[in-house]
Each structure stands twice: as structure tokens, then as C-alpha cells.
Amino acid sequence: MMHRRTLVKSVAALGLATLFGAGTAAAQDKIKIGAAVSLTGNFAREGHLLKNGYAYWEKLVNDAGGIKVGDKKMPVEVIYYDDESKPQTSARLTEKLITEDGVGFILGPYSSGIATATAAISEKYKVITMTPMATADSLYQRGYKYIFCPAPLASTTLDPMLALLKTVKDPPKTIAIAGPDDLFPNVFAGAAQKKAEAEGLKVVYSTKYPKGSADLSSVATALKESNPDVLILTGYVQDSILLIKTLQTLKVNPKLIGFAFAVGIPDFLNALGPAAEDLFGVQIWDPALTYKGPVVADSATYVETFKKQFGGEVPTYITAAGTAGALSLQLAIEKAGSIDPVKVREAMLQLDTDTFFGPVKYNDAGVDVKASAVVAQVQGGKAVPVYPPAIAAAPVVYPRKPFP
Amino acid sequence: MISPSSPSGARRRALLFWAFFAAGAVVLALAPLALNNYWLRVLTTVFMYATVTQGLNVIVGLTGYHAFGNAVFFGFGAYACGVAMTLGAPFPVALVAAVAFSALVAGIVGWPILRLRGHYFAIATVALNLAAIQLVIQVGGVTGGAEGLPLPLSDLPPGPLYRAIYLVMLAGMVVSTLLVAFILIRPFGYALRAIRDGERAAGVMGIDTTATKVAAWAISAGITGFAGGVWAYWITFIEPASAFDPAIGVKAYMMLILGGMGTVIGPVLGAFVLEFLSTLVWGGFLQAHQIVFGVLIVVICLVAPNGMLVAGRSLIQRWRSRHGAA
Chain B
1260 MMHRRTLVKS VAALGLATLF GAGTAAAQDK IKIGAAVSLT GNFAREGHLL
1310 KNGYAYWEKL VNDAGGIKVG DKKMPVEVIY YDDESKPQTS ARLTEKLITE
1360 DGVGFILGPY SSGIATATAA ISEKYKVITM TPMATADSLY QRGYKYIFCP
1410 APLASTTLDP MLALLKTVKD PPKTIAIAGP DDLFPNVFAG AAQKKAEAEG
1460 LKVVYSTKYP KGSADLSSVA TALKESNPDV LILTGYVQDS ILLIKTLQTL
1510 KVNPKLIGFA FAVGIPDFLN ALGPAAEDLF GVQIWDPALT YKGPVVADSA
1560 TYVETFKKQF GGEVPTYITA AGTAGALSLQ LAIEKAGSID PVKVREAMLQ
1610 LDTDTFFGPV KYNDAGVDVK ASAVVAQVQG GKAVPVYPPA IAAAPVVYPR
1660 KPFP
Chain H
74 MISPSSPSGA RRRALLFWAF FAAGAVVLAL APLALNNYWL RVLTTVFMYA
124 TVTQGLNVIV GLTGYHAFGN AVFFGFGAYA CGVAMTLGAP FPVALVAAVA
174 FSALVAGIVG WPILRLRGHY FAIATVALNL AAIQLVIQVG GVTGGAEGLP
224 LPLSDLPPGP LYRAIYLVML AGMVVSTLLV AFILIRPFGY ALRAIRDGER
274 AAGVMGIDTT ATKVAAWAIS AGITGFAGGV WAYWITFIEP ASAFDPAIGV
324 KAYMMLILGG MGTVIGPVLG AFVLEFLSTL VWGGFLQAHQ IVFGVLIVVI
374 CLVAPNGMLV AGRSLIQRWR SRHGAA
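If you read the sequences in order, they're chains B and H. To get our numbering, take the position in the first sequence, counting from 1, and add 1259. To get our numbering, take the position in the second sequence, counting from 1, and add 73.
Derived from the structure by calculation, the hints contain no laboratory data. Glycine included, C-beta positions come from ideal geometry on N, C-alpha and C. A few of these clues could be false.
[What the hints assert, rightly or not] Using C-beta positions, here's what the derived DEER-type ranges look like:
id, chain 1, residue 1, chain 2, residue 2, range
1, B, Glu1458, H, Ala361, 47 to 53 Å
2, H, Val372, B, Glu1359, 27 to 33 Å
3, H, Thr159, B, Gly1361, 32 to 38 Å
4, H, Ala361, B, Lys1620, 48 to 54 Å
5, H, Leu369, B, Asn1529, 39 to 45 Å
6, B, Asp1613, H, Asp228, 37 to 43 Å
7, H, Leu203, B, Asp1322, 36 to 42 Å
8, H, Pro230, B, Asn1622, 21 to 27 Å
9, B, Lys1551, H, Ala320, 44 to 50 Å
10, H, Leu203, B, Pro1647, 42 to 48 Å
Okay, chain B solo, but in the shape it has when bound (with noise of 0.2 Å):
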């Protein structure tokens, strides 16, 4: 009796000296990060992808041994939690990463909204926060020094779509702007509106129409009368397919027709049908890209090995988006050979590199001054990247032809 007791005692001490002894070594050797995403709620789908993102790249750091710190490899931990798509929540998980969990550094939510009450938090902390899906301008402008955003934001996503147009034959001269009233419409199409002025165009006709507009005539009937060279249009796939089919009806067509979104998805195309050959669209990233880079080699590569870890699952832009901001962090921690946050800092703020979702160049906002949206026109009905031309598969098609 006596002898069994004294036996469990000392296999229970053993146990915990082995927990505790386990534990030390871990918290050592192990970079811990911290990615509160929005697994429920209005953002559910987008954080899904998102965090898938940033599990692929978990995985492949830690197949190859963990990130070189110095000389030696250190393991990466991300611990994920929900934000249930709320600001509140997402302010009170970043701070339970920080201050309970331990982490050393953030990879951020999906949207602005939320990834605006997480940097609060964590800039406070001075913990580096990668915040690929947070393209709002206005988080970049209240002068934090630790969230930095891969991919490119909203007012300079339709740039490439602009600069497109005077290396057409025949450029255009005049363009008319339409979307809903709503946050990233409204950026975009103000940043249009600019960049269309400095390009020597003459803006014939813009307008805000109500989100959720059921019926587009009054616009499409505007635009017929201002007969533009080129249409803008800064709206969602449910009314820019809307005011596409009201424009043929009335027989409207402008030579070139460009969304602020990808006209890849299959909703868009299955919808408009022939309609939709030689749209163009925007995306921040396209798995036909060419760039090149460390980790992970190329999209090609990204898309084969994404598909065998996620079980056939195709990476869409939010979730490359992902992967490239924990890329970013990786490339810095490995450039200044330590995971304090100052080095971190000033280690990315040296990055001038290719990697397989574009270039990476950071300024002091943390805004990658280098990244730029890719331009993709519906060919065949398929979208096929055409600008900028370097990673172009198919020349542009300008003109459209008219709407069948």
C-alpha cells in the first residue's frame, strides 16, 4: 500500500517536471505568433481563407525546421482565435495574445474595421502586426510604426487598370465613374477620379448610386448620353452585373469596361455569359503570376503544394495574401537575425524583394510600395492577366467588341 502510494507520487512528480521541463524549453525555442481571424460572423468565408493562409506558411516553416534565427531554427506557434467578425472582440483577443498568451507577433484579420481596433492594441505593445487584408488608406495614416500590409491598398488598386490605358493603340480621352455609396467604392472611385485627371482624361460623367439599388437605368441612361471612352465601375459583383445588363439592354458601349474586382469568379461569368468577354477586373493576386521568390519558389508552386495540404482546395487572393504577410515577417526576422520587435522593424523596413505574390518594398507607414493589383480581361471566357506587362499571358483586347 504504503510502496504504491510513494510509487504514484514520484510518477506524478516525474510527470510534472517532465511537463514543466517541456515547457520551458518550448517557450524558448518556439516563435510565438498570434492570429485572432474571424472564423464566425458576417467575415466567416474571408477569415476561413485568410487562416488557411497562414497555416499553409506554418506548415512549411515548420517542415523546414522553423525560421533561422541567428544560427539556430526556431519553430513557429500560431495560436488562432475567433473575432466572431466584431472590433470589440478582435480588441480583446489581441490583447489576450499579448498579455496572456505571449506572443511576439501578430498576423492580422480580415477587413479594415477590425483590423483597425487590433492594431490599436498591438501597436501600443509595439508587437509587429501583418495586416494583409486591411487595405483601407485611413489605417495607414495614424502614424503607427508596426502593422505592415503586403498587398495594395484601396486607393492605388485601380492604378494599373489607369495606367493601362495609354499604352493601348488610340488611347482613350474620355471616362465616366460609377459605384454604390459605400466605404471601398468610394475609395476606389475617388482615387480613379484622380489618377484618370493626372492621366490627361476628362471625366464625362460620375456618380454614387444607393448600395442595394434595385434598378440601374437612370445611371445606365446618364452613361449613354456621356458616351464615355471608358467606364469605371467601383461596385459589388450583384450591381455591377445588374448595371452590365441594363447597359446592353440600352445598347451602351463604352471601348474599355473595368471593375474594381475579379472578374475570374465564376458567379460573374456564369451570370453576364458572353456579356462579359472583354471586361476587365483587378485582383491583388492571380495564381497565373510569374514572380518569383524565396520559400516559397513561384503561384505555380504555391498552388500545387496549397492543394495537397488544404485536400484539392484551389488558394484564392485573401489567402495568398496570407501567406505573403507571414512571408514578409519571415524574410525580416531571418534579415535581422533576432525576433526583438525594434530589429524586426527596421529589418522589414530594408526588405526590397520579389516574392511569389509580387515585390515587397515598406515604407515607414508599413505600406508596400511596390505591391500592384494585377489587370485580368475576360478572354474566351476566362480571365487572363494582361497588365502590367511583365507578368502578362495575353495582350490586351481594345476595343471591346459590343455587347452580343
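Place chain H on chain B using the hints.
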């Protein structure tokens, strides 16, 4: 043997209650010395919801008007504070503006819609909540419109800043609770309960029911606006969709039901139990937490539909009668 309903027993119980209340407030006020920033934030959230629920208690619990969309004043408070601070006002002034603006809106909107009764009033407040989102987007300008409104940042390091916000939010909860207790012993409080129990009869007794209801709603709005104003400064960036989130009102309603409508301490208890419950539940699951939370709510409604206080009291009575019989 003093029976629970005798006057001296009631006085003793009231004394005991306020002693507990004071002790609780002191403990919470001293808690920042011991707690880390995460638990401070959890508690600050509890105080915020307790304040919002106490605001709801004034119009729903005391007056009997079901303002489902009462969290609209949370948003108005947040935006009033945000706009005032953007225009250069210091935080205390902006907070006063938040309370005043919310109360003013309730006063103005209350005159027409508090003439509605029953479901119609409840639906009107929900409509008000949805309209407010569109209003902010349409007004644009200083409200930031659809792009949201960033508030000026504090230079304080996280420790002192979050402790200050904690104490302000705690003050909101304590003062609003004292206010409800004060209203209950004033003629105004009797008038409110008379309206709740029979509005026509209250009118016959000489109560100006519309003015009384509007005053109650303005107080409710002011309390809710206070919580919204502090929240805005705390979170540093507000958007129409997050400031006027109908879920805030729903949560406050659940806390009110759980704690007990029309009681002094019920809203505070409800906020503590529900918010801690949701924080703990969420900690254990990554994705199923909202389902677990939903099931818990249903269980609470089944077990304690009149609030924890009533459920607890009847449990004690049942225990006493069983032991008395034995």
C-alpha cells in the same frame, strides 16, 4: 423570528445589500492593482454591458416599454464622442456631449414614437437603429460616413490608459445602478411603474404619461450613450456597422432577462454572468462557441425566465418549506 416581509427585515436586507454593493465597488476599483491588462479588458467589457443593460432597464424594466433597438443610443453616444474629439474636444467634454446628445435624440424622437404602445414601439426602435446607420453614412463629413471615424489616439502607454478607461467604465456602471435605485424611491419611479402596470390607470391618476415616458427614455439613452462614448475612445475607430450593431442591444436584452427586469442589481448580475460565460465558452472552442452559447441562453430562459434573482429566491423558498415540513 423576523419574517422577510416585515419592515425591519426589509430595512436590514436593504442595508446588507448596499453594504455588499459598496464592498463590490471598492474591490472592483482596486482590482487594477492586481489584474493584468487582458482581464482588465474583460471586466471593462462587463461594465460596458452592465451600463447598457442598466440603461435598458430604465425603459424596459421600470417603464415596461420594450425598446428592442435601444442600443441605437450606444451608437449615437459613440459618434457624438468621436465627432467631438475629432473637432478638438478633450475626452471628458466629449463624453458629456455623448450623454447629452443621446438624451436629446431620445427626447426628440420620443415625443412621437412613445405614443405607440406594445409591439409598435418595439418595432419603431428597431427601425430607428437601422435608420441611424444610413443616417451616419448619408451625413458623411465629420462623421466619416461609410469610411468610419478614427478617434484621436492617447499618448498614454497601455497600462495607465486601459486602467483609466476601466475606472471610467466602472463609474458608469456604479452611477447608473445608483441612479436606478434612486429613481425607484422617487415619485418619478412610482409613476414609471404605474405606467408599466397600467398606462391608462396611471393617466387617470394624474400622471402626464407621455412626458414621464419621454423623460425615462432620455435617461435610458443618456446612460447608454455614456457607455458608447467610452467605448469609442477605447476602441479608437468606429464604423456605422459596429457602433450601431443590433447585437449589442440583443445581448443587453439577454442580460436584462437573465438578471431580472426592473430590479436594481439584476442588470449588473446579468452582465457579469453572461459576459464571463461567453468569454469562458469562447475560450474552449474555436468554432462551435456560438452554438454552445446559444444553447446556454435557451437553458437560462427555460430555467430562469424571470431572472436569476427570482429563480434563486424561489429555490431558497422551496428549500425552506421542505425543511420546515421535515
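These are the hints, each one checked on the structure:
{"no.": "1", "hint": "B:Glu1458 to H:Ala361: 47 to 53 Å", "verdict": "52 Å, holds"}
{"no.": "2", "hint": "H:Val372 to B:Glu1359: 27 to 33 Å", "verdict": "29 Å, holds"}
{"no.": "3", "hint": "H:Thr159 to B:Gly1361: 32 to 38 Å", "verdict": "35 Å, holds"}
{"no.": "4", "hint": "H:Ala361 to B:Lys1620: 48 to 54 Å", "verdict": "42 Å, violated"}
{"no.": "5", "hint": "H:Leu369 to B:Asn1529: 39 to 45 Å", "verdict": "42 Å, holds"}
{"no.": "6", "hint": "B:Asp1613 to H:Asp228: 37 to 43 Å", "verdict": "39 Å, holds"}
{"no.": "7", "hint": "H:Leu203 to B:Asp1322: 36 to 42 Å", "verdict": "49 Å, violated"}
{"no.": "8", "hint": "H:Pro230 to B:Asn1622: 21 to 27 Å", "verdict": "26 Å, holds"}
{"no.": "9", "hint": "B:Lys1551 to H:Ala320: 44 to 50 Å", "verdict": "46 Å, holds"}
{"no.": "10", "hint": "H:Leu203 to B:Pro1647: 42 to 48 Å", "verdict": "43 Å, holds"}
Of the numbered hints given earlier, the model fails hints 4, 7; all others are met.
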